[in-house]
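Just so you know, the sequences run in chain order A and B. Take our numbering: the last position of the first sequence gets the number 426, and nothing is skipped along the way. Take our numbering: the last position of the second sequence gets the number 890, and nothing is skipped along the way.
Treat the hints with care, since some could be wrong.
Derived list of chain A stretches under chain B, where covered just means 3 residues or more per stretch with a C-beta under 8 Å from a C-beta of chain B [unchecked claim]:
no.: 1; segment: 281-292
no.: 2; segment: 324-335
no.: 3; segment: 340-352
no.: 4; segment: 358-372
Just so you know, these hints were derived from the structure itself, not from any lab. Backbone N, C-alpha and C fix where the C-beta goes; we use that ideal spot for every residue, glycine too.
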Amino acid sequence: MSAAEERGRVILAALDGTPVAGAALRVARGMADLLGGTLHVVHVTPGRLSPKEVRRRLALGDEELLGAVIESEEGEPAEATARLARKARPSLVVIGRRAQRPPEEGALGAMAEGILAATAAPLVLVPPSPGTGPYSVRRALLPQDGTPAMAAAIGPAAHLASCAGAELTVLYVAARGGPPQERGAMSAPRYVDQPQHEWPEWVREFLARTACGCPDLDPARLRFVMAHGDPGEEILRHVRDLRIDLVALGWKGSLAPARARVLRRVVAESPCPVLVARAAEEGGRARA
Amino acid sequence: MRAERQERGGRSPVGGSPSRLVEPTLDPGWLLVEGGFELAREHEVESLFACGNGTCGVRAALPERTSFSEPATWVAGVYGRPPGVDVPVLASLPDWTRVAVRVGDLDLAIERGTPIEHRRILDMRQGVFFLEWRHRDPAGRVTRVRGVRLASLADRHLLYQSLSLTPENYSGRVRADARVAGAPLAPVGWAPSIGVHEAGVVGSRAVVALAVADRLEREAGAPEGPGGWIPAGGVVEGDVGIESTRRLDRLVSVSSSREGPSPGARASRRLERSVREGIPSVVAAHAAAWAARWEDADVEVLGDDGATRALRFAAYHLVSAANPQDERVSIPARALTGPAYLGHVFWDTEVFMLPFFVFTHPPSARALLMYRWHTLDAARARARAMGYRGALYAWESADTGEEVTPPSVVDPEGRRVRIRNGELEQHVSAAVAFGAWQYAQVADDEEFLAGPGAEILLETARFWASRAVRGEDGLYHVLEAIGPDEYHEAVDDNAYTNGMARWNLRKGLEVLDWLRGRSPDRLGVLEERLGLGGEEPAAWGEIAGAMYDGLDPASGVIEQFRGYFGLEPIDLAAHEPRSAPMDVLLGAERTRRSQVIKQADVVQLVHLLWDELPPRVREASFRYYEPRCGHGSSLSPPVHAVVAARIGDAELAARYFRQTAEIDLADNMGNAAGGVHAAALGGLWQAAVMGFGGLRATASGLAISPRLPPGWRRLRFVARWRGARTVFCIGPGEVRVDVSGARGLRVGLDGGPSVAARPGRGYRAAAVDGGFGAWREVRG
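Please model the entire structure based on the sequences and the hints provided.
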């Protein structure tokens, strides 16, 4: 048994006691159930608290926390959560996304950015009202830009969706701009010599590349949708139209003002949880 | 695609190395190198590095395979109909290239463990695919693997693969499982080292077969078994010591039911001969065949190594795709390198690829045209079924020549789109006629022109005569057609279609006149067989003379089709940079109502009928359409390169040349995963030779019109004309031609005088005041 297997899967939910924490907890529990993992609930305060006190502060009952490990960290929330994430090496970190966020907190919020910077674990950002009842993934959207790095990043989401038996839709948005410079990338076909041949072949290849190296994805079971226009707008439109309950986005590690515009927009406006997985800057797959 | 300088210790094309019998060419200009390993690129690399010989095309899948490998060996001319597919699909052979290697208790796999070094090399000079790989497995064992694969150009039914393995830091048990399609081979009674595998083609009565012989070579020259050949089976196992090498060689002979009954027995007999000759002879003959082809096929650019490599890549795949010995097959859109386009044949062959063969290897050109002659009956039937006379070639053709265009497609946005090309894109018939005429003129193949060529030209002319309708304006019109610009369907008087129809009608008459003078008996037989006589041909001249041409006399621009000038103008530059085609960005409906065109249409006409159009019309039309073209087809950039160069805009031409070269060779578009773009490859050759070199055939020889792009210090190419072989060396300061072969020819030079060049002589003309001075004979 590997060390990771011995530790078991940990799904870390960082809860701050605001109303959105309830939504985050519901999603985290649903994901823990899907993955067969243990839910760890962490609450950060200036001083360390007992588990009972954490439960009281979060205003959560025994039933809501059944089976969860309660952890208290002291310090500044973003930093302390990141520290714990580094230590616990969770499969996923789940946090709530506040409806309004002060601009000084950065593109995704200090908590989200701190966690993403500290750990390779994917981060799930839960909107304030992602529905009611137990959370499960029935329809997942995997927006892809055709780069190997982004394809590699969706592994955790694919695994989650696979555990849930969810329908997976790969979305490609043909947008302005030249082809990606990353080696092995595949953009919309610049040349469609004969659409009756080119499109089926292109879709087949695009899905095969998306799925390659990701054992949970069967290209034959993926649904493919192509759109054109603004990628953020199109992703959000498809989330609504297809009644998506999980979006998985790759993130190439920069939140500079001119970067990650799609990520910022989708995280800010998505009505369903958004899983953000770190993608390699270039190439996400085996290379010699 | 990276070009890596190879540091090697000498070339031994055919030697006794324990790891392989042939080594890569030393000159990096002949090598395409994929260094490293990126799983997502596998399908592209397999296409780009494919080996072929016109009978088979073998994708460059790694012998040990990856989780993303898509191996295939396509068989030219053999088609099946897999379940769920409505049209014929090119057949492939059972998988013969896989070698699953097990070291100890672990499979040797690039995705397990750590690749220390991984490099694939396509040696275009020798037509050989090389693999070089060093791998540390999860147990820490380092293994060196070297591989070779080729499709023999000397014996087009023969394939060869070798895989050698050397443990670097261990000794142990190694097992290589090379069973064909994972199944044991049936040994042939008279030659126990030869195994045979026959397989039916799905949805067809066709059978493909391969005979296999394996040989195991050990270091120190002690091969296993008699002569090293081992019993048929495909599995070998044994202990291997540190730095000791084992090499598994495999010879494969291919046959199919196209050649007659019992393909397995035929393949076995052929293979037995090759086994007797030995692998070194097989490899040497193959390398010699490639060397001979490169004598004429190579185009060299001094000052632009990338251009030279791209041109060699183009020629390599064109040579690999054609078979001068088989006139029942043509070259599919993706050659024999990938599954896309299902092995279907388009006008791509005659318009884009054929000129390369016409000028560098006429027998291949002839075989390609004979495919069209053999499928003429299907073209006649198609014309008849649509209410026309003569021959209407299929937009997409497979083995029989029947129309096999899929009637619809679901686009990636989920809409089912009707495909009307098979019904309305009829200019393919003129393209076939154009190719036949061009070949006959350049090769001086009177036998072809008097027989199959005439039949093609007459039957296609006859089609256009029945297709054009006389309007109230007294002119003839081709209504409701699709031209090369497929963004605009069912248009009236598409300029390209009308222009080529007019050309076709006139050439029909010309060939009749020629036959009348040269071989009246043959003409009589042909007329009787085709039922051609009386007033019918006489009408062709009238129709051609009154064909609507769309020319706007004021501007000199030919209107692409009636009503085009009134469509919505779109500023394409405002949409750059982009990676998606314009019809995706604008939507099909808006594109249809706009002036955005998919590909060269009027510009294509300018290219093909250059000598028939006034210079003002050529340039005005090019300048008008060039900014309106979205280049949504890979066929478009090379034609723009040719025409831009010929009107003197070498800089613009160079841009289109680079764009064409990148269609397959850029490593960030995924374009080539389904196979190489054979038409664009032919177009690249045309851009260099017919664009920058300005080569064209005349009645008395060849003429050039050099327009070298910035940075090109010399362009060297070979062109054949009626038994004369001419080497052109074009530099900024002078032009040199060297003639060899059975006869001389007149070499023309735009901006200078022509010369009656004799075989065995060289001539030089120096650049003078924007033109060229007199030719001078040179010695040596």
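Compare the structure with the hints numbered earlier in the document and write down the numbers of the violated ones, lowest to highest. Hint check: nothing fails, all pass.
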